[in-house]
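Going line by line, the protein sequences match chains A and B.
For the first sequence, my numbering gives the first residue as 3, with consecutive numbering after it.
For the second sequence, my numbering gives the first residue as 48, with consecutive numbering after it.
Keep in mind that the hints were calculated from the coordinates and are not lab data.
Some clues are possibly wrong.
[Said to hold, decoys possible] Distance windows between CB atoms, simulated:
| no. | chain 1 | residue 1 | chain 2 | residue 2 | range |
| --- | --- | --- | --- | --- | --- |
| 1 | B | A171 | A | P205 | 24 to 30 Å |
| 2 | B | A171 | A | N127 | 46 to 52 Å |
| 3 | B | E180 | A | N127 | 49 to 55 Å |
| 4 | A | P112 | B | I111 | 47 to 53 Å |
| 5 | A | L38 | B | P159 | 43 to 49 Å |
| 6 | B | K175 | A | A5 | 54 to 60 Å |
| 7 | B | P159 | A | P205 | 33 to 39 Å |
| 8 | A | V211 | B | S238 | 21 to 27 Å |
| 9 | A | N156 | B | K175 | 26 to 32 Å |
| 10 | A | N127 | B | E203 | 35 to 41 Å |
| 11 | A | E158 | B | A128 | 41 to 47 Å |
[What the hints assert, rightly or not] Okay, derived cross-link-like pairs now, DSBU-like style, lysine-lysine, Cα gap no bigger than 35 Å in a straight line:
| no. | chain 1 | residue 1 | chain 2 | residue 2 |
| --- | --- | --- | --- | --- |
| 12 | A | K164 | B | K257 |
| 13 | B | K133 | A | K142 |
| 14 | A | K45 | B | K126 |
| 15 | A | K30 | A | K209 |
| 16 | B | K86 | A | K145 |
| 17 | B | K199 | A | K45 |
| 18 | A | K126 | B | K192 |
| 19 | B | K126 | A | K217 |
| 20 | A | K30 | B | K86 |
| 21 | B | K192 | A | K116 |
| 22 | B | K189 | A | K193 |
[What the hints assert, rightly or not] Here are a few chain A residues that face chain B, going by a calculated C-beta distance under 8 Å:
| no. | residue |
| --- | --- |
| 23 | E46 |
| 24 | T50 |
| 25 | F54 |
| 26 | Q61 |
| 27 | L67 |
| 28 | E69 |
| 29 | I98 |
| 30 | H108 |
| 31 | P112 |
| 32 | L147 |
| 33 | V149 |
| 34 | M202 |
| 35 | S203 |
Think of the CB as a built atom: it goes at the ideal place given N, C-alpha and C, for glycine as much as any other residue.
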Amino acid sequence: MAARKLYGSVESTTTMRALASLFEHELKFEFVRVDLNAGDHKKEPFLTLSPFGTVPVFQDGDLILFESTTIMRCISHVYTNPRTEQVYVDPKMQGIAATWIDVEDHHFNPPASKLISELVFKPKNGLPTDEATVAVEEAKLAKVLDVYEERLANSEYLGGDKFTSADLTHLPNLYYLMRTPAKRLFDERPKVRAWCAAIMSRPAWAKVVEMVMEK
Amino acid sequence: MATPVKVYGPAFSTAVSRVLACLIEKDVEFQLVAVNMAKGEHKKPDYLKIQPFGQVPAFQDESISLFESRAICRYVSEKYANQGNKGLYGTNPLEKASIDQWLEAEGQNFSPPSSALVFQLAFAPRMKIKQDEGLIRQSEEKLNKVLDVYEKRLGENRYLAGDEFTLADLSHLPNTHYLVNATERGELVTSRENLARWWGEISSRESWKKVVDMQK
Chain A
3 MAARKLYGSV ESTTTMRALA SLFEHELKFE FVRVDLNAGD HKKEPFLTLS
53 PFGTVPVFQD GDLILFESTT IMRCISHVYT NPRTEQVYVD PKMQGIAATW
103 IDVEDHHFNP PASKLISELV FKPKNGLPTD EATVAVEEAK LAKVLDVYEE
153 RLANSEYLGG DKFTSADLTH LPNLYYLMRT PAKRLFDERP KVRAWCAAIM
203 SRPAWAKVVE MVMEK
Chain B
48 MATPVKVYGP AFSTAVSRVL ACLIEKDVEF QLVAVNMAKG EHKKPDYLKI
98 QPFGQVPAFQ DESISLFESR AICRYVSEKY ANQGNKGLYG TNPLEKASID
148 QWLEAEGQNF SPPSSALVFQ LAFAPRMKIK QDEGLIRQSE EKLNKVLDVY
198 EKRLGENRYL AGDEFTLADL SHLPNTHYLV NATERGELVT SRENLARWWG
248 EISSRESWKK VVDMQK
């Protein structure tokens, strides 16, 4: 029986975030599917693992963590080895990387998730897209990407001079956005376009994509 | 002698006060730099250089600038690990993971509904903005569900991440302070036994009392 488990739903962006982190750090784990359609995440025994009823959950022996960003941070700080190092030892450099993790959460994710809901999930469920919402959220995302364009002119990756969780945390939303017309917002900005291409071509991310597409 | 760090923004801002509480807990000398938000100072080019999204707080420690209050708190706790409250962000990676867990829960689950309620009930009237009754009801409903989870957690642990006060508890101080003292929904916290006990303890810390003084 695997000591390390990840409980989640493969197409959920939060589960994808945790999967990316596990693969980037070359950790072996068992993936346990949670049936979101059946509402398993809102009942016991799942609620004992994840009290707010969210996926994913990471378990390693007695250590149980919920919230994908927490799992991502823990993996990068606890399961370190020189080959897969994605944190900085220097507090100032790590402080900068940590800032951009929160930027994704507070600035990138809100318009990104609304766009994904309108352009990917609603059509999938036979619901009409609200074009007015799409316009509003694209405008918000464009402003965020202007800040990213400026940042990436001065830094190879968002968090610093190497790939870190600050970049990884964007991958799940990027996976969906690149399959919608919103892709043009990324293509229109050269630094952003190059950064997306670089991080999305990482082998660990390809493994996550494979799992999502197999479903 | 080290230059004091700089925090930009008004002390009454919940995000700014989060950083101030952390600096005081860690005994880090700081200078609070006023940002005149009424005059739009936070949207001007000079400010956008240190906070490109035009929000408060911004933070500088010698050569670097940071923003996002929780990232600043993590940085301060790491950089100044050996002074002030040494256990604030844990003393080993597993303690840190547990603190990160409840810091994240604060940001994802507690903050959205509590900030909305605090803004609608305490700030909107002062700013002569019409209150959104639907949003108030929705936020209260969400917050009730979140606080039920907290009530259970605080029945099993003295503080959110374990036996000691940590960044995870600290992060909740700003919104809870306004909820309890500036709105009529304080009983969301005070009517729940474990939450009331926890709130009493964390809000009576010297560090928080100093921040409240700065807000006056």
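Taking the hints in turn, this is what the structure says about them:
For A171 of chain B paired with P205 of chain A, a C-beta distance near 50 Å fails the hint of 24 to 30 Å. The beta-carbon spacing between A171 of chain B and N127 of chain A, approximately 35 Å, falls outside the hinted interval of 46 to 52 Å. A hinted range of 49 to 55 Å for the beta carbons of E180 of chain B and N127 of chain A is inconsistent with their spacing of about 30 Å. In this structure the hint that P112 of chain A and I111 of chain B lie 47 to 53 Å apart at CB is violated, the actual value being about 26 Å.
A C-beta distance of roughly 21 Å is found between L38 of chain A and P159 of chain B, which places it outside the suggested range of 43 to 49 Å. For the hinted restraint 54 to 60 Å between K175 of chain B and A5 of chain A, the CB-CB distance of approximately 58 Å keeps it satisfied. Take P159 of chain B and P205 of chain A: their Cβ atoms lie about 36 Å apart, and the range 33 to 39 Å holds. Between V211 of chain A and S238 of chain B, the C-beta spacing of about 48 Å breaks the proposed range 21 to 27 Å.
Between N156 of chain A and K175 of chain B, the C-beta spacing of about 41 Å breaks the proposed range 26 to 32 Å. Separated by about 38 Å at the C-beta atoms, N127 of chain A and E203 of chain B satisfy the suggested range of 35 to 41 Å. Checked against the given bound of 41 to 47 Å, the beta carbons of E158 of chain A and A128 of chain B, roughly 28 Å apart, lie outside it. In summary, the hint linking K164 of chain A to K257 of chain B is not supported, as the alpha carbons are separated by about 39 Å, beyond the 35 Å threshold.
With a C-alpha separation of about 40 Å, the suggested pairing of K133 of chain B with K142 of chain A is violated against the 35 Å cut-off. A hinted pair counts as satisfied when its Cα atoms are at most 35 Å apart, and K45 of chain A with K126 of chain B does not qualify at roughly 41 Å. A distance of roughly 13 Å separates the Cα atoms of K30 of chain A and K209 of chain A; the hinted pair therefore holds under the 35 Å criterion. A hinted pair counts as satisfied when its Cα atoms are at most 35 Å apart, and K86 of chain B with K145 of chain A qualifies at roughly 22 Å.
A C-alpha spacing of about 16 Å is found between K199 of chain B and K45 of chain A, which places the hinted pair at or below 35 Å, so the restraint holds. The suggested pairing of K126 of chain A with K192 of chain B holds, with an alpha-carbon distance near 30 Å, which does not exceed 35 Å. About 44 Å separates the Cα atoms of K126 of chain B and K217 of chain A, which puts this hinted pair outside 35 Å; it is violated. Proximity of K30 of chain A to K86 of chain B is assessed by CA-CA distance (about 54 Å); at most 35 Å being required, the pair is judged violated.
Distance hint between K192 of chain B and K116 of chain A is fulfilled; the C-alpha atoms sit about 23 Å from each other, no more than 35 Å. Restraint check for K189 of chain B and K193 of chain A: not satisfied, since their Cα atoms lie roughly 39 Å apart, outside the 35 Å limit. A least Cβ separation of about 13 Å between E46 of chain A and chain B goes past the 8 Å threshold, and the interface hint is therefore violated. Restraint check, T50 of chain A versus chain B: the minimum CB separation of about 10 Å is more than 8 Å; hint violated.
At about 5 Å, the closest approach between the beta carbon of F54 of chain A and any beta carbon in chain B falls short of 8 Å, and the interface hint on this residue holds. With a cut of 8 Å, the hint placing Q61 of chain A at the interface with chain B is violated, because the nearest CB-to-CB distance is about 12 Å. The interface hint given for L67 of chain A holds, since its Cβ lies 6 Å from the closest Cβ of chain B, which is under the 8 Å cut-off. Hint status for E69 of chain A: holds, given a least beta-carbon distance of 4 Å to chain B, under 8 Å.
Taking 8 Å as the C-beta contact cut-off toward chain B, the hint placing I98 of chain A at the interface holds, the least distance being around 7 Å. The closest approach between the C-beta of H108 of chain A and any C-beta of chain B is roughly 7 Å, which is under the 8 Å cut-off, so the hint is satisfied. The interface hint given for P112 of chain A is broken, as the beta carbon of that residue sits about 10 Å from the closest beta carbon of chain B, more than 8 Å. Checking L147 of chain A against chain B: minimum C-beta separation of about 12 Å lies over 8 Å; hint violated.
For the restraint placing V149 of chain A at the interface with chain B, the shortest Cβ-Cβ distance is roughly 5 Å, inside the 8 Å limit, so the hint holds. Of the supplied interface hints, the one on M202 of chain A is violated, with its beta-carbon coming no nearer than about 24 Å to a beta-carbon of chain B, more than 8 Å. Restraint check, S203 of chain A versus chain B: the minimum CB separation of about 27 Å is more than 8 Å; hint violated.
Checked against the numbered hints above, the structure breaks hints 1, 2, 3, 4, 5, 8, 9, 11, 12, 13, 14, 19, 20, 22, 23, 24, 26, 31, 32, 34, 35 and satisfies the rest.
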